[in-house]
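Its first residue numbered 1, the sequence shown is counted upward by one per residue in the working numbering.
If you are wondering where the hints come from, they were derived from the structure by calculation, not from laboratory data.
Some hints here could point you the wrong way.
As the list claims (entries may be wrong) - List time: in silico BS3-like cross-link candidates among lysine-lysine, alpha-carbon distance up to 27 Å:
| # | residue 1 | residue 2 |
| --- | --- | --- |
| 1 | 394 | 412 |
| 2 | 364 | 402 |
| 3 | 412 | 374 |
| 4 | 198 | 234 |
| 5 | 223 | 208 |
| 6 | 356 | 375 |
| 7 | 195 | 171 |
| 8 | 156 | 119 |
| 9 | 453 | 417 |
| 10 | 234 | 249 |
| 11 | 374 | 348 |
| 12 | 394 | 356 |
| 13 | 109 | 119 |
Claimed, not checked - Beta-carbon label-pair distances, calculated as ranges:
| # | residue 1 | residue 2 | range |
| --- | --- | --- | --- |
| 14 | 331 | 439 | 28 to 34 Å |
| 15 | 184 | 257 | 51 to 57 Å |
| 16 | 120 | 235 | 29 to 35 Å |
| 17 | 213 | 58 | 47 to 53 Å |
| 18 | 36 | 213 | 54 to 60 Å |
| 19 | 87 | 158 | 38 to 44 Å |
Note that beta-carbon positions come from the ideal geometry of N, C-alpha and C, so glycine has one too.
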Amino acid sequence: MSLLNKKVVLWLALLIVLSSIAFAQDTFHARIEPAEVAIKQDQTAELNLSITHTSDQIKTFEIYSKNVIWDVRVQDAMRVEPSQLFSTQLFVRPLNINPGTYIVPLTVKQVGSNLKEEKNIVLEVRSVVPPEQSYLPAVRGEVYLQDDIDPRDELKIRVLLQNQNRRELDKVDVKIRSKTINQDYTASLGPLEKKELKFFVQLSPFTKPQDDLIRVSVIVPEKDRGFRFDLDPKPLEILDYTDFSEEVKTEEGFLKTTYLVTLSNQGNVRHQDQYKIASSFFKNIFVTTVPRAEKVQGNLVWDIDLKSNDSELIMYTFNFQPILIISIAILIILISYFVFRSPVVMRKTATVIATKEGGISELKIIIEIINRSKKQIKHVKIIDNVPRIAELAKEYDVGTVKPDKVVQHERKGTLVKWSLDEVDPGEERVISYKVKSKLSILGGVTLPSAAAKFDVGKRHRTANSNTPVIGFIG
Numbered sequence: 001m002s003l004l005n006k007k008v009v010l011w012l013a014l015l016i017v018l019s020s021i022a023f024a025q026d027t028f029h030a031r032i033e034p035a036e037v038a039i040k041q042d043q044t045a046e047l048n049l050s051i052t053h054t055s056d057q058i059k060t061f062e063i064y065s066k067n068v069i070w071d072v073r074v075q076d077a078m079r080v081e082p083s084q085l086f087s088t089q090l091f092v093r094p095l096n097i098n099p100g101t102y103i104v105p106l107t108v109k110q111v112g113s114n115l116k117e118e119k120n121i122v123l124e125v126r127s128v129v130p131p132e133q134s135y136l137p138a139v140r141g142e143v144y145l146q147d148d149i150d151p152r153d154e155l156k157i158r159v160l161l162q163n164q165n166r167r168e169l170d171k172v173d174v175k176i177r178s179k180t181i182n183q184d185y186t187a188s189l190g191p192l193e194k195k196e197l198k199f200f201v202q203l204s205p206f207t208k209p210q211d212d213l214i215r216v217s218v219i220v221p222e223k224d225r226g227f228r229f230d231l232d233p234k235p236l237e238i239l240d241y242t243d244f245s246e247e248v249k250t251e252e253g254f255l256k257t258t259y260l261v262t263l264s265n266q267g268n269v270r271h272q273d274q275y276k277i278a279s280s281f282f283k284n285i286f287v288t289t290v291p292r293a294e295k296v297q298g299n300l301v302w303d304i305d306l307k308s309n310d311s312e313l314i315m316y317t318f319n320f321q322p323i324l325i326i327s328i329a330i331l332i333i334l335i336s337y338f339v340f341r342s343p344v345v346m347r348k349t350a351t352v353i354a355t356k357e358g359g360i361s362e363l364k365i366i367i368e369i370i371n372r373s374k375k376q377i378k379h380v381k382i383i384d385n386v387p388r389i390a391e392l393a394k395e396y397d398v399g400t401v402k403p404d405k406v407v408q409h410e411r412k413g414t415l416v417k418w419s420l421d422e423v424d425p426g427e428e429r430v431i432s433y434k435v436k437s438k439l440s441i442l443g444g445v446t447l448p449s450a451a452a453k454f455d456v457g458k459r460h461r462t463a464n465s466n467t468p469v470i471g472f473i474g
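The task is simple: from the sequences and hints, build the whole structure.
This is the structure in structure tokens:
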């Protein structure tokens, strides 16, 4: 035998072994007769149950219903011999249900294994009170929905309803209730019909995050009453989300900009934070804010606390108009100073030239007149006052202008007047004279200021000198 033939034989042997293992798996078959039974509300349905299996050992079986409204029992223990047909009586009794036709789900299971068969029988339950011929409404159902939802999304609710009898239900009211949902719908069910209803509920986007419980009730109106069937409630968690936004509007003016900021919280939870605007220490000198902002490291900072579906308006204005106003004011002051200042500058100085008995006995007074304007001044009249403690000396230096008039005044002392015809632009004129004290002046003396009157063009102007202070320590 060649090597190729040996491999073929080995593969065939392996397939035969695997096939025998597969066919060796145990199976069973159950049969329930009849498939439809009619009883009264206080009766028990009697059916025939038969079971066979392929195992070579005795197997034990059980039968039950997933629906607790049915009491399911058998007459004999369900121990089935190999290659034997097992038969027994099956009893199905309704537990407190209304008259109608029902589909009874039954499960036959091999004990100690996962082998089972699902069977259904149709059981017509009639009223014990004659001559009632109509079926009362009987509806079962199940609710399906997701466990959590963002309130901005649409909530999909599926309700699976089953008409338990053979009558037409033209109107079936479905009511969905919870802390956040209150919806009513209307449907219909045919005899023994199964129908899936889909409902779409849009919550308010500002619904607070919370745990909710969805309750669905099915109400079938019947003449002057209604039959209510409550389905198992379903939990629902409403999630939290944040949706913070800002809208900025700008109003431009001359050297002035106003910003209007609308802060909105479109989320379903409270929003607490700080809102910052980049600025600078210089700009903050010229800023006004409503409400008042904190200035942190040159930035503008507001504390924000917004409830769900709440908004706040913030306004801040950078106004640089004061800079222009101050600049214009300074310029006006400077212009006014140069326009309205006196064109004549007068300086008065005094020098001690003689002393007596440790005090001042004689002073030399110098009055300087300077025309600092660009115009000629005319008709200059200069007046100075010699205090009463001193008297004007009659001796004048060579080249100095002598006074035009000397007048004695009882209170002011001696008034000395000079006249100058004109002083050209930029010209400086000097007047000097001497005074002798009547008594020795100790410590020092303050002299009164000199005054001048003159004409500039057609205007009459005046000017005053300083008040010189002479200190002397003998």
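A quick look at each hint next to the structure:
{"no.": "1", "hint": "394 <-> 412", "verdict": "holds, 19 Å"}
{"no.": "2", "hint": "364 <-> 402", "verdict": "holds, 14 Å"}
{"no.": "3", "hint": "412 <-> 374", "verdict": "violated, 35 Å"}
{"no.": "4", "hint": "198 <-> 234", "verdict": "holds, 15 Å"}
{"no.": "5", "hint": "223 <-> 208", "verdict": "violated, 41 Å"}
{"no.": "6", "hint": "356 <-> 375", "verdict": "violated, 46 Å"}
{"no.": "7", "hint": "195 <-> 171", "verdict": "holds, 14 Å"}
{"no.": "8", "hint": "156 <-> 119", "verdict": "violated, 32 Å"}
{"no.": "9", "hint": "453 <-> 417", "verdict": "holds, 11 Å"}
{"no.": "10", "hint": "234 <-> 249", "verdict": "violated, 47 Å"}
{"no.": "11", "hint": "374 <-> 348", "verdict": "holds, 23 Å"}
{"no.": "12", "hint": "394 <-> 356", "verdict": "holds, 20 Å"}
{"no.": "13", "hint": "109 <-> 119", "verdict": "holds, 11 Å"}
{"no.": "14", "hint": "331 <-> 439: 28 to 34 Å", "verdict": "violated, 53 Å"}
{"no.": "15", "hint": "184 <-> 257: 51 to 57 Å", "verdict": "holds, 56 Å"}
{"no.": "16", "hint": "120 <-> 235: 29 to 35 Å", "verdict": "holds, 31 Å"}
{"no.": "17", "hint": "213 <-> 58: 47 to 53 Å", "verdict": "holds, 49 Å"}
{"no.": "18", "hint": "36 <-> 213: 54 to 60 Å", "verdict": "violated, 39 Å"}
{"no.": "19", "hint": "87 <-> 158: 38 to 44 Å", "verdict": "holds, 42 Å"}
Hints 3, 5, 6, 8, 10, 14 and 18, counting from the list given before, are not met by this structure.
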